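S.K.: Chains as they are written, first to last, in the working numbering: chain A, 1 to 481; chain B, 482 to 791.
It should be emphasised that the hints constitute simulated quantities derived from the structure, not laboratory data.
Only a predicted model underlies this, so the values are computations on that prediction, with no experimental measurement involved.
There could be a bad hint or two in this list.
Said to hold, decoys possible - Heads up, simulated SDA-like pairs for lysine to any residue below, C-alpha to C-alpha not over 25 Å straight-line:
#, chain 1, residue 1, chain 2, residue 2
1, A, 394, A, 431
2, B, 603, A, 404
3, A, 250, A, 266
4, B, 709, A, 445
5, A, 420, B, 615
6, A, 398, A, 445
7, A, 288, A, 24
8, B, 749, B, 577
9, B, 683, A, 382
10, A, 159, A, 170
11, A, 420, B, 577
12, B, 735, A, 382
13, A, 156, A, 133
14, A, 420, B, 603
15, A, 420, B, 596
Listed here are the chains, written in short residue letters.
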Amino acid sequence: MTPQPMAQNPSPPDNKPFRFFARREKIYPRQVKGKYRRLKWLVMTLTLAVYYLAPLIRWDRGPNAPDQAILIDLPARRAYWFFIEIWPQEVYYLTAILIFAAIALFFVTSLLGRVWCGYFCPQTVWTDLFIAVENLVQGDRVARQRLDKMPLCFEKIWKKTVTHALWLLIGLSTGGAFVFYFNDAPTLWADILQGDVSTTVAWFVAALTFSTYIMAGFSREQVCIYMCPYARFQSAMFDKDTLIIGYDAKRGEPRGKHKAGTSWEGHGHCIDCTACVQVCPMGIDIRKGLQMECIACGLCVDACNDIMDKIQMPRGLIRYDTEIRIEHNIQDKTTWRIMRPRTVYYILVLALVAGLVVYGQVTRKPFEIHALHSRNPLMVRLSDGDVRNGYEIKVLNKTHQDNIYSLRVENLADAALEIKGAGHLTPDRLPVAADEVATFHLFVTATPQAEQSRDITFILRDNATGRLDRYTSMFISGDKK
Amino acid sequence: MGNDDHKKDIDHISGVETTGHEWDGLKELNNPAPRWWLWIFYVSVIWSIGYWIVYPAWPTLSGATKGTFGWTQFEKLKAEQAEIAQRQGQYLSKFHEASFDQIMADPELYAFATAGGASAFKDNCATCHGTGGAGGPGYPNLNDDDWLWGGQIANIYQTIQFGIRSGHDDAHISQMPSFGVDGLLKRDQVTTLVDYVVSLGKPGDHAAHAGYTIFQEKCASCHGPDGKGNREFGAPNLTDALWLYGGTRDTIYKTIYYGRNGVMPYWKGRLDDDTIRQLTVYVHSLGGGEESEPVNDPAAYGPEPLTTGQ
Numbered sequence: 001m002t003p004q005p006m007a008q009n010p011s012p013p014d015n016k017p018f019r020f021f022a023r024r025e026k027i028y029p030r031q032v033k034g035k036y037r038r039l040k041w042l043v044m045t046l047t048l049a050v051y052y053l054a055p056l057i058r059w060d061r062g063p064n065a066p067d068q069a070i071l072i073d074l075p076a077r078r079a080y081w082f083f084i085e086i087w088p089q090e091v092y093y094l095t096a097i098l099i100f101a102a103i104a105l106f107f108v109t110s111l112l113g114r115v116w117c118g119y120f121c122p123q124t125v126w127t128d129l130f131i132a133v134e135n136l137v138q139g140d141r142v143a144r145q146r147l148d149k150m151p152l153c154f155e156k157i158w159k160k161t162v163t164h165a166l167w168l169l170i171g172l173s174t175g176g177a178f179v180f181y182f183n184d185a186p187t188l189w190a191d192i193l194q195g196d197v198s199t200t201v202a203w204f205v206a207a208l209t210f211s212t213y214i215m216a217g218f219s220r221e222q223v224c225i226y227m228c229p230y231a232r233f234q235s236a237m238f239d240k241d242t243l244i245i246g247y248d249a250k251r252g253e254p255r256g257k258h259k260a261g262t263s264w265e266g267h268g269h270c271i272d273c274t275a276c277v278q279v280c281p282m283g284i285d286i287r288k289g290l291q292m293e294c295i296a297c298g299l300c301v302d303a304c305n306d307i308m309d310k311i312q313m314p315r316g317l318i319r320y321d322t323e324i325r326i327e328h329n330i331q332d333k334t335t336w337r338i339m340r341p342r343t344v345y346y347i348l349v350l351a352l353v354a355g356l357v358v359y360g361q362v363t364r365k366p367f368e369i370h371a372l373h374s375r376n377p378l379m380v381r382l383s384d385g386d387v388r389n390g391y392e393i394k395v396l397n398k399t400h401q402d403n404i405y406s407l408r409v410e411n412l413a414d415a416a417l418e419i420k421g422a423g424h425l426t427p428d429r430l431p432v433a434a435d436e437v438a439t440f441h442l443f444v445t446a447t448p449q450a451e452q453s454r455d456i457t458f459i460l461r462d463n464a465t466g467r468l469d470r471y472t473s474m475f476i477s478g479d480k481k
Numbered sequence: 482m483g484n485d486d487h488k489k490d491i492d493h494i495s496g497v498e499t500t501g502h503e504w505d506g507l508k509e510l511n512n513p514a515p516r517w518w519l520w521i522f523y524v525s526v527i528w529s530i531g532y533w534i535v536y537p538a539w540p541t542l543s544g545a546t547k548g549t550f551g552w553t554q555f556e557k558l559k560a561e562q563a564e565i566a567q568r569q570g571q572y573l574s575k576f577h578e579a580s581f582d583q584i585m586a587d588p589e590l591y592a593f594a595t596a597g598g599a600s601a602f603k604d605n606c607a608t609c610h611g612t613g614g615a616g617g618p619g620y621p622n623l624n625d626d627d628w629l630w631g632g633q634i635a636n637i638y639q640t641i642q643f644g645i646r647s648g649h650d651d652a653h654i655s656q657m658p659s660f661g662v663d664g665l666l667k668r669d670q671v672t673t674l675v676d677y678v679v680s681l682g683k684p685g686d687h688a689a690h691a692g693y694t695i696f697q698e699k700c701a702s703c704h705g706p707d708g709k710g711n712r713e714f715g716a717p718n719l720t721d722a723l724w725l726y727g728g729t730r731d732t733i734y735k736t737i738y739y740g741r742n743g744v745m746p747y748w749k750g751r752l753d754d755d756t757i758r759q760l761t762v763y764v765h766s767l768g769g770g771e772e773s774e775p776v777n778d779p780a781a782y783g784p785e786p787l788t789t790g791q
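Here chain A stands alone, though its shape is the one from the complex:
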């Protein structure tokens, strides 16, 4: 085959080289006022308040457990969330909560579009905060563009320095709040003030300071476009009844400049002022239709409504509505179909997962037994011909008080149980301290069984409440000797 690469890949018509890599164009979002902007401020305030203040909330769990409402205690391997307490082996609760969160995201997205992205996502919240800082120090869009083009001078130096210093300060407080979720907040706060923190804490604060600074200061919309998986697959939850940011092309086109007082005949209502483009934190033109980049923040709606008011045309050229309603220009509020197969499925799955979590919490055992059969040796033959097996019995006391348990074995006739260890422990008296896991070395002796390995069940009883927990293990009688 003769090489003909050039013929098969004709160059673009303008004969400019085609680039596979597009350099990022820095976005200078203009400040805007309006309904959605106010909503965004409100949500930002709420989410930041939750993030910073949640670790300070106290929740009384008695004397043997921490009183912080939300705490992931890694050294002790416990996670606390108000009334929920999770031990490492119950980490499936976390899975369930994450599944619930994911389905809830799907549900909300199928109804309201990407409101998570536009209002609640930390990337959005912190980026918005950082842009607000830029706006405060350097001025609005045009001033910032001018400042960036400016040669190095005193004004540029101090404005940039103050901006970055404030960003770093926000980053530091972000990292500082993060570590409170993993430590007792008041104690750690006192330690921080005294400059006496562990290397781990210092590293996490530094790492989160740095990542906040980079993500909200520099990466910004690139996180949503290139890094975030949700951004990509949320379009799979969209249908024609999902609320989106839509441009009413029928009303707007043909767009063009319009002189005040002249007729609108032959003119669309879009006067091509590009206000919607200037305010967009994602740097897109919503008039090109719904795009993957759009995070549904609604700032272009505010900007356009503002312009419509000025040219005395009805609001809503760009609006927050369903695709089908924008297409057919429906104004009647009742035509928004909320119950659709998609949303019904999501509700059912949400109810199922929530039910499982609640069921799990309600039926959560206050204690557990686990038995690990000794493998070296598997069994011991005794001088009278009996056989002895060893077990490591672990008793999990998940309550916040010291308890005493008793142990017996089922499905093994004439079994003798003996606890080996210091002190005077007997199978009838196994003390386990509050919130602790105790290990007991148990020997079970019985006559050789017909089966080489017989299934037996250990039954642990809480002496105070009489509740039982079972664990199936085995009794090995013979190694074919």
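Please arrange chain B on chain A, whose structure you already have, making use of the hints.
M.R.: Only chain B this time, still in chain A's reference frame:
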């Protein structure tokens, strides 16, 4: 490059300059490493010079350069071992002071002893007794309830310290004679005796057996008239279900004909007394350990009780 007269060969699809090399019509694009990457590389190179100075780096004829920090792996190991020893120290001093009775009653000391004993056991004892202490033919199973020289703490402590037929002055010593080899019994007598020993584990009138007289004459002095053994001489119980060398007729014949004199080395002097005491508690914990008989003198269970005056 560098020669501006040289016409740059731009690939018009990607807009990237090629290196000018061509293979069968394929050209290589010149995409140099990003500058930030190169800068990290250069900084790393400069940084490495610091390493050469402060850390051991260059081989010399007699070793290597020392580095200004004076760092060596041996020093690091020493420091880490010192840290471990210091951490163990708080328990070890308490353990050192405690008697066996105190250790057996204190969960913390008991855990320390069994953990340390388990580790020492794997290093020193597992070769013969197995990692789980289950032994094998000729090597006693330490998990069961059959003890040649006694299964109380004091017995185990003594056995580990001085061994069995180990050559130590305080070692357990006894002899199972080679009845056949030394001509003490004829072959048919040995066979009869094997029959008798095998029958001991089963109910019946043992006195009526042909081997009864031979047993009373040759064996009963150590194994006892009823064959139940004697811990004074480390003579095993012949009536129970456990056999150190094996319970088949063939093995029992060999045992009587050739004799058995297993050796366990003494550990006193090779392991320090705390380690031996940890091993004692560990072996006792394996399951066969017997309750200590009450003694009047508590000091008998203290550190090094059996060496004094010997």
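S.K.: Work down the list of hints and note, for each, if the structure agrees.
M.R.: Here is how each hint holds up against the structure:
For the given pair, residue 394 (chain A) sits about 12 Å from residue 431 (chain A) by alpha-carbon distance, which is consistent with the 25 Å threshold. Restraint check for residue 603 (chain B) and residue 404 (chain A): the C-alpha separation of about 35 Å exceeds 25 Å, so the hint is violated. A threshold of 25 Å between alpha carbons decides the hint, and for residue 250 (chain A) with residue 266 (chain A) the separation of about 12 Å falls inside it, so the pair holds. Pair hint residue 709 (chain B) plus residue 445 (chain A) holds up; C-alpha atoms about 22 Å apart against a cutoff of 25 Å.
Among the hinted pairs, residue 420 (chain A) with residue 615 (chain B) is consistent with the structure: their alpha-carbon atoms are about 18 Å apart, no more than 25 Å. Between residue 398 (chain A) and residue 445 (chain A) the CA atoms are separated by roughly 30 Å; this puts the pair beyond 25 Å, and the hint is violated. With a C-alpha separation of about 20 Å, the suggested pair residue 288 (chain A) and residue 24 (chain A) falls inside the 25 Å cut-off, and the hint holds. Under the criterion of a C-alpha separation no larger than 25 Å, the hint pairing residue 749 (chain B) with residue 577 (chain B) is consistent with the structure, at around 16 Å.
At most 25 Å may separate the alpha-carbon atoms for a hinted pair to count; residue 683 (chain B) and residue 382 (chain A) meet this at roughly 16 Å. Distance check on the hinted pair: residue 159 (chain A) and residue 170 (chain A) sit about 17 Å apart at the alpha-carbon level, within 25 Å; holds. Restraint check for residue 420 (chain A) and residue 577 (chain B): satisfied, since their Cα atoms lie roughly 22 Å apart, inside the 25 Å limit. For a cut-off of 25 Å, the pair hint linking residue 735 (chain B) to residue 382 (chain A) stands: about 24 Å separates their Cα positions.
Straight-line distance between C-alpha atoms of residue 156 (chain A) and residue 133 (chain A) comes to about 15 Å, which keeps the hinted pair within the 25 Å bound. Of the supplied pair hints, the one linking residue 420 (chain A) and residue 603 (chain B) holds, its CA atoms being roughly 20 Å apart against a limit of 25 Å. For a cut-off of 25 Å, the pair hint linking residue 420 (chain A) to residue 596 (chain B) stands: about 14 Å separates their Cα positions.
Going down the numbered hints, you'll see the structure goes against 2 and 6, while the others check out.
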